[in-house]
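Visitor: Single-letter residue listing:
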Amino acid sequence: MVSDGIAEALAGQQQTARRFEPDRVFGIVNASLVLLLLASMLYPFLYIAAVSLSSGAAVTSGRVLLWPVDLTLAAYGQVLSDRLFWIAYGNTLIYAVGGTLMSLALIVPGAYALSRPRLFGRRVFNFLVAFTLWFHAGMIPFFLNMRDLGLIDSRLGILVGFACSAFNVILLRNAFEGMAPSFEDAARLEGANEFQLLRYIFLPLSMPAILTVALLCLVTRWNGYFWAMILLRGEEKIPLQVYLKRIIVDLRADDAAAARLAHASDYSFETIMAAIIVVSLVPIVAAYPYLLKHFNKGMTLGGIKE
Amino acid sequence: MPSKGFRTDVSGLSSSHAVDLRVRAKAIAKRLREDWQLYLLLAPLAIWFAVFLYKPMLGLRIAFKDYSLFLGYSGSPWIGLENFWSLLTDDQFLRAVRNTLAISAVSLLIAFPAPIALALMFNEIASAKLRRAAQIIVYLPHFISVVIIAGLVIALASPSTGPVNVLRSRFGMEPIYFLTVPEYFRAIFIASNIWKEAGFESIVYLAAITGVSPALYEAARMDGATRLQMIRHITLPSILPVILVMLVIRVGNLIEVGFEYIVLLYQPATYETSDVIATYIYRVGLQSNDYGLAAAAGLFNALVALLLVWGANRVSRRASTGALW
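Residue numbers (this note's numbering), protein chains in the order written: chain R, 1 to 306; chain W, 1001 to 1325.
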């Protein structure tokens, strides 16, 4: 009996060892793959930071791969002394903050109204919102419409023209719909009107959802370049991303600009481009912990349901 | 909605129907009056949707016109389907359709499974610290603009200073100007897209994996299953519904290939593989001002997109969890 038990235990142990051998290998392989992956995720950032801190000559001669060579801040000096860079930065702030406020001003009351079952025609309105997720007129009619409205080369056009999206409306509407009716009932008994209900009941209680929408708007605004590139003509109005695009993509093909930079040795086209990328990454990276915290929460609440 | 007496009460039809309508109209007017506050709250949003999303749909009629800026919407002559015939005989447009399909298909094959694989890998990391660090790193590019991503790609792929070509030249190989070679475009585009989005997209799958009952793994461990077997027989089947929903959404958006990013990376040398429908519309319409033709291509694009979403929605409705919206 006893020996049987020992034998069984031994066999079990052997089995355990055998069973977990592949798991050990698997764990090591998996961890190595993940580390490799992380290296490939980080490398572009490290490389661009290294280039931005290196001398133009070192980059041009191909000596920068991971670490800065001939450490210098010359490229940053060039970037930060460009007046247009600061104008573009300021414009982005205007578009991001102003645009987000505009979005909330339109979407919050609208989504509240759409969430009320008593709203006559609610189904039609909701369908008209959702339909724009499936079908849109496209680039050309949208552009011509902006032109007809006189919103070409206009800050107002950027702020207003991109204020809403069906996705954000639906997200907020669902949040409002999901609220317990007891608060509302109590407030109604006290004689609250719709404005008061929204202001004192729904707004504070839906703050997480509203913040999510605000962050979505902010990030979209901060990163958007395409329509700003199409609609804005003047250098005084373009946001940072269009400024970046002009330097990164357009200047690359511009030989005159390259020639202008060629005579300098402490900075070059590459180091300036890298410095611009780093400088425009700073706000996103700074806000990142907050974004992360909130988007993780928002992912669960953001799921579109019906 | 007609009243019940509409068909049977023939003699009193007109009067009772009219009364009925009047009653209904009154009831509606009463509700509108009572709920004016709600309509006031809704009005700005409704006007915005009308002006910026629905009014352009009326503008789509230029797809059937020989539109010129001077003649305007109503002055430009109708030409029926001529713009569409022009498209069908335009090699550039056909090439754009082919490229769109090719990029979508390869994305579906490679970029769709990538976040699933990532989620599975992350889930198997034993150290909670490493897992957290890994997540923080891979989510970051999602929040970065495509302009910066394009800048990174341009820097990394640079023929003279980019690390790939620097290494090549150190080994005595000729540098390659990657962004001007049509054969490399799709690989660069899709790989950098995966680099940017796979991490963030894995969140959905990680959340699904967290929901799998630990009892299943416990039972499997008792039966001597390896971790690889557990992935295959427990994790994957458990998150299959989520995978299917994501697949349906992906198929619905198949025709959207991220043209804002393509516009930054492509150049005439690579149009052969990089020019997609949206970039074609952008060039023809906004750069060459051939609005009618571009609007026709846009309408074609939008209709295909609508068809795809509708089809995907139907499939998902039938498949499991219900319609997407």
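Any given hint could turn out to be false.
[As the list claims (entries may be wrong)] Pairwise CB distance ranges (calculated): (1) R:D148 - W:P1237: 38 to 46 angstroms; (2) R:Y288 - W:G1311: 13 to 21 angstroms; (3) W:L1094 - R:V124: 36 to 44 angstroms; (4) W:A1219 - R:F195: 38 to 46 angstroms; (5) R:L156 - W:P1113: 41 to 49 angstroms; (6) R:P208 - W:P1113: 29 to 37 angstroms; (7) R:G191 - W:P1237: 35 to 43 angstroms; (8) W:L1236 - R:L71: 23 to 31 angstroms; (9) W:L1216 - R:D148: 40 to 48 angstroms; (10) W:L1094 - R:Y200: 38 to 46 angstroms; (11) W:L1032 - R:R199: 35 to 43 angstroms; (12) R:L128 - W:A1126: 31 to 39 angstroms; (13) R:L42 - W:N1253: 25 to 33 angstroms.
[Unchecked claim] Short derived list, chain W residues pointing at chain R, Cβ under 10 angstroms: (14) P1077; (15) L1081; (16) I1281.
[To be verified] Some chain W residues well away from chain R (every beta-carbon gap over 10 angstroms; in silico): (17) F1070; (18) L1071; (19) A1126; (20) I1136; (21) G1172; (22) T1226; (23) A1295.
In case anyone wonders, no lab produced these hints; they're calculated from the structure. We treat Cβ as the ideally placed atom computed from N, Cα and C, and that holds for glycine.
Visitor: Could you run down the list of hints and mark each one as holding or not?
Guide: Taking the hints in turn, this is what the structure says about them:
Distance hint check for R:D148 and W:P1237: the Cβ-Cβ separation is about 54 angstroms, which falls outside the suggested range of 38 to 46 angstroms. Distance hint for R:Y288 and W:G1311: a CB-CB separation of about 38 angstroms, inconsistent with the stated range 13 to 21 angstroms. The hinted range of 36 to 44 angstroms is satisfied by W:L1094 and R:V124, whose Cβ atoms lie roughly 39 angstroms apart. Checked against the given bound of 38 to 46 angstroms, the beta carbons of W:A1219 and R:F195, roughly 56 angstroms apart, lie outside it.
Here the CB-CB span from R:L156 to W:P1113 is close to 44 angstroms, well matched to the stated 41 to 49 angstroms. Checked against the hint of 29 to 37 angstroms, the pair R:P208 and W:P1113 passes, with Cβ atoms roughly 32 angstroms apart. Hint check: R:G191 to W:P1237, Cβ distance near 55 angstroms, so the stated range 35 to 43 angstroms is violated. In this structure, W:L1236 and R:L71 break the distance hint of 23 to 31 angstroms, their C-beta atoms being roughly 49 angstroms apart.
In this structure, W:L1216 and R:D148 break the distance hint of 40 to 48 angstroms, their C-beta atoms being roughly 60 angstroms apart. The given range of 38 to 46 angstroms is broken by W:L1094 and R:Y200, whose C-beta atoms sit roughly 59 angstroms from each other. In this structure, W:L1032 and R:R199 break the distance hint of 35 to 43 angstroms, their C-beta atoms being roughly 23 angstroms apart. With their beta carbons about 51 angstroms apart, R:L128 and W:A1126 fall outside the hinted range of 31 to 39 angstroms.
Between R:L42 and W:N1253 the C-beta distance comes to about 29 angstroms, which sits within the given range of 25 to 33 angstroms. Because the closest C-beta pair between W:P1077 and chain R is about 17 angstroms apart, greater than 10 angstroms, the hint is violated. The interface hint given for W:L1081 is violated, since its Cβ lies 17 angstroms from the closest Cβ of chain R, which is over the 10 angstroms cut-off. Interface restraint check for W:I1281: the shortest CB-CB distance to chain R comes to about 5 angstroms, inside 10 angstroms, so the restraint holds.
No Cβ of chain R approaches the Cβ of W:F1070 within 10 angstroms, the least distance being about 13 angstroms, so the stated non-interface status holds. For W:L1071, the non-interface assignment is confirmed: its Cβ lies about 13 angstroms from the closest Cβ of chain R, beyond the 10 angstroms cut-off. The Cβ of W:A1126 does not lie farther than 10 angstroms from every Cβ of chain R; its closest approach is about 6 angstroms, which violates its non-interface assignment. Its beta-carbon lying about 7 angstroms from the closest one in chain R, W:I1136 breaks the requirement of being farther than 10 angstroms from that chain.
Under the 10 angstroms C-beta cut-off, the non-interface status given to W:G1172 relative to chain R holds; the minimum distance is some 13 angstroms. The claim that W:T1226 is not at the interface with chain R is violated, since a C-beta of that chain comes within 10 angstroms of its own (minimum 5 angstroms). The Cβ of W:A1295 does not lie farther than 10 angstroms from every Cβ of chain R; its closest approach is about 4 angstroms, which violates its non-interface assignment.
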